[in-house]
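Counted from 1, the sequence shown has number 1021 at position 75 by the working numbering; the numbering is strictly sequential.
In case anyone wonders, no lab produced these hints; they're calculated from the structure. Treat each hint with caution, since some may be false.
Pair by pair, the computed Cβ-Cβ distance ranges are [what the hints assert, rightly or not]:
(1) 1013 x 1056: 24 to 30 Å
(2) 1075 x 983: 32 to 38 Å
(3) 1056 x 982: 25 to 31 Å
(4) 1013 x 1071: 26 to 32 Å
(5) 1074 x 982: 35 to 41 Å
(6) 1066 x 980: 30 to 36 Å
(7) 1063 x 1008: 19 to 25 Å
(8) 1067 x 980: 22 to 28 Å
(9) 983 x 1064: 30 to 36 Å
Backbone N, C-alpha and C define an ideal beta-carbon position, used for all residues, glycine too.
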Amino acid sequence: MKTLHTLSASLLVAILALASGCRSHLEAPPAPPADDTQANAESTFAEGLRLYEAGHYYLAEEHFLSPALWAGDTQVQLQALKYLAFSYCVTERPIQCRFAFDRALQIDPTFHLGTAEASHPLWGPVFVLAARR
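Produce the complete structure using the sequences and hints provided.
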(Lines of atoms letter the chains of each structure in order from A and count residues from 1; the text may use other names and numbers.)
(Lines give C-alpha, C1' and ligand atoms only; values in the text may rest on other atoms or scores of the structure.)
Protein backbone atom coordinates (compact mmCIF):
# COMPACT_ATOMS: atom_id res chain seq x y z
CA MET A 1 0.00 0.00 0.00
CA LYS A 2 2.86 2.36 0.89
CA THR A 3 4.47 1.58 -2.48
CA LEU A 4 1.22 2.46 -4.28
CA HIS A 5 0.97 5.76 -2.35
CA THR A 6 4.62 6.61 -3.14
CA LEU A 7 4.08 5.69 -6.79
CA SER A 8 0.92 7.84 -6.97
CA ALA A 9 2.68 10.79 -5.35
CA SER A 10 5.66 10.44 -7.69
CA LEU A 11 3.36 10.21 -10.69
CA LEU A 12 1.45 13.30 -9.55
CA VAL A 13 4.69 15.28 -9.11
CA ALA A 14 5.88 14.19 -12.56
CA ILE A 15 2.58 15.18 -14.19
CA LEU A 16 2.59 18.57 -12.46
CA ALA A 17 6.18 19.20 -13.49
CA LEU A 18 5.39 18.24 -17.05
CA ALA A 19 2.25 20.37 -17.13
CA SER A 20 4.02 23.41 -15.73
CA GLY A 21 6.73 23.02 -18.36
CA CYS A 22 4.16 22.81 -21.15
CA ARG A 23 2.29 25.88 -20.01
CA SER A 24 5.19 28.17 -20.89
CA HIS A 25 5.10 26.84 -24.45
CA LEU A 26 1.40 27.65 -24.82
CA GLU A 27 1.77 31.32 -23.96
CA ALA A 28 1.84 33.53 -27.03
CA PRO A 29 4.76 35.90 -27.41
CA PRO A 30 3.87 39.49 -26.70
CA ALA A 31 2.58 41.46 -29.67
CA PRO A 32 5.01 44.04 -31.01
CA PRO A 33 4.17 47.62 -30.17
CA ALA A 34 1.80 49.35 -32.57
CA ASP A 35 4.53 51.75 -33.73
CA ASP A 36 6.77 48.86 -34.77
CA THR A 37 3.90 47.15 -36.56
CA GLN A 38 3.02 50.31 -38.48
CA ALA A 39 6.64 51.03 -39.34
CA ASN A 40 7.04 47.46 -40.61
CA ALA A 41 3.89 47.79 -42.72
CA GLU A 42 5.07 51.09 -44.21
CA SER A 43 8.50 49.64 -44.94
CA THR A 44 6.95 46.62 -46.64
CA PHE A 45 4.74 48.88 -48.74
CA ALA A 46 7.68 51.12 -49.68
CA GLU A 47 9.67 48.12 -50.88
CA GLY A 48 6.67 46.87 -52.87
CA LEU A 49 6.25 50.29 -54.44
CA ARG A 50 9.94 50.40 -55.34
CA LEU A 51 9.63 47.01 -57.05
CA TYR A 52 6.43 48.07 -58.81
CA GLU A 53 8.03 51.25 -60.14
CA ALA A 54 11.00 49.20 -61.37
CA GLY A 55 8.62 46.98 -63.34
CA HIS A 56 9.00 43.92 -61.10
CA TYR A 57 5.25 43.47 -60.75
CA TYR A 58 5.16 39.91 -59.45
CA LEU A 59 7.75 40.68 -56.77
CA ALA A 60 5.86 43.84 -55.84
CA GLU A 61 2.66 41.81 -55.46
CA GLU A 62 4.36 39.60 -52.87
CA HIS A 63 5.06 42.69 -50.78
CA PHE A 64 1.57 44.13 -51.26
CA LEU A 65 0.11 40.82 -50.04
CA SER A 66 2.52 40.44 -47.12
CA PRO A 67 0.96 39.83 -43.68
CA ALA A 68 3.32 42.48 -42.30
CA LEU A 69 1.65 45.08 -44.49
CA TRP A 70 -1.84 43.97 -43.49
CA ALA A 71 -1.02 44.53 -39.82
CA GLY A 72 -0.68 48.25 -40.62
CA ASP A 73 -3.36 50.90 -40.71
CA THR A 74 -6.11 51.26 -43.30
CA GLN A 75 -4.28 53.86 -45.37
CA VAL A 76 -1.33 51.53 -45.97
CA GLN A 77 -3.72 48.72 -46.86
CA LEU A 78 -5.60 50.92 -49.33
CA GLN A 79 -2.39 52.04 -51.02
CA ALA A 80 -1.26 48.42 -51.26
CA LEU A 81 -4.57 47.37 -52.78
CA LYS A 82 -4.41 50.20 -55.31
CA TYR A 83 -0.94 49.24 -56.51
CA LEU A 84 -1.84 45.56 -56.35
CA ALA A 85 -4.75 46.30 -58.69
CA PHE A 86 -2.49 48.33 -60.99
CA SER A 87 -0.01 45.45 -61.07
CA TYR A 88 -2.73 42.94 -61.91
CA CYS A 89 -4.03 45.15 -64.72
CA VAL A 90 -0.57 45.77 -66.18
CA THR A 91 0.09 42.03 -66.22
CA GLU A 92 -3.24 41.37 -67.97
CA ARG A 93 -5.16 39.96 -65.03
CA PRO A 94 -8.31 42.12 -65.01
CA ILE A 95 -10.31 39.83 -62.73
CA GLN A 96 -7.70 40.06 -59.97
CA CYS A 97 -7.47 43.80 -60.65
CA ARG A 98 -11.20 44.12 -60.07
CA PHE A 99 -11.02 42.05 -56.88
CA ALA A 100 -8.29 44.30 -55.48
CA PHE A 101 -10.41 47.38 -56.19
CA ASP A 102 -13.47 45.64 -54.70
CA ARG A 103 -11.54 44.96 -51.50
CA ALA A 104 -10.34 48.57 -51.29
CA LEU A 105 -13.94 49.76 -51.63
CA GLN A 106 -15.06 47.31 -48.94
CA ILE A 107 -12.49 48.74 -46.55
CA ASP A 108 -13.34 52.33 -47.48
CA PRO A 109 -16.43 53.01 -49.63
CA THR A 110 -15.07 56.52 -50.33
CA PHE A 111 -11.85 55.13 -51.84
CA HIS A 112 -11.14 56.72 -55.21
CA LEU A 113 -8.37 57.08 -57.74
CA GLY A 114 -6.66 60.33 -58.62
CA THR A 115 -7.63 62.01 -61.90
CA ALA A 116 -4.67 60.64 -63.85
CA GLU A 117 -5.13 57.17 -62.33
CA ALA A 118 -8.87 57.10 -63.05
CA SER A 119 -8.30 57.94 -66.71
CA HIS A 120 -5.70 55.20 -67.22
CA PRO A 121 -6.83 52.89 -70.06
CA LEU A 122 -6.00 49.67 -68.21
CA TRP A 123 -7.28 50.12 -64.68
CA GLY A 124 -9.57 53.14 -65.03
CA PRO A 125 -12.46 51.15 -66.57
CA VAL A 126 -11.93 48.28 -64.11
CA PHE A 127 -12.17 50.68 -61.18
CA VAL A 128 -15.38 52.20 -62.59
CA LEU A 129 -16.94 48.72 -62.70
CA ALA A 130 -15.87 48.01 -59.13
CA ALA A 131 -17.15 51.37 -57.88
CA ARG A 132 -20.60 50.78 -59.41
CA ARG A 133 -21.26 47.82 -57.13
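**Study point:** Hints that the structure is at odds with (numbers, increasing)
**Key:** 8
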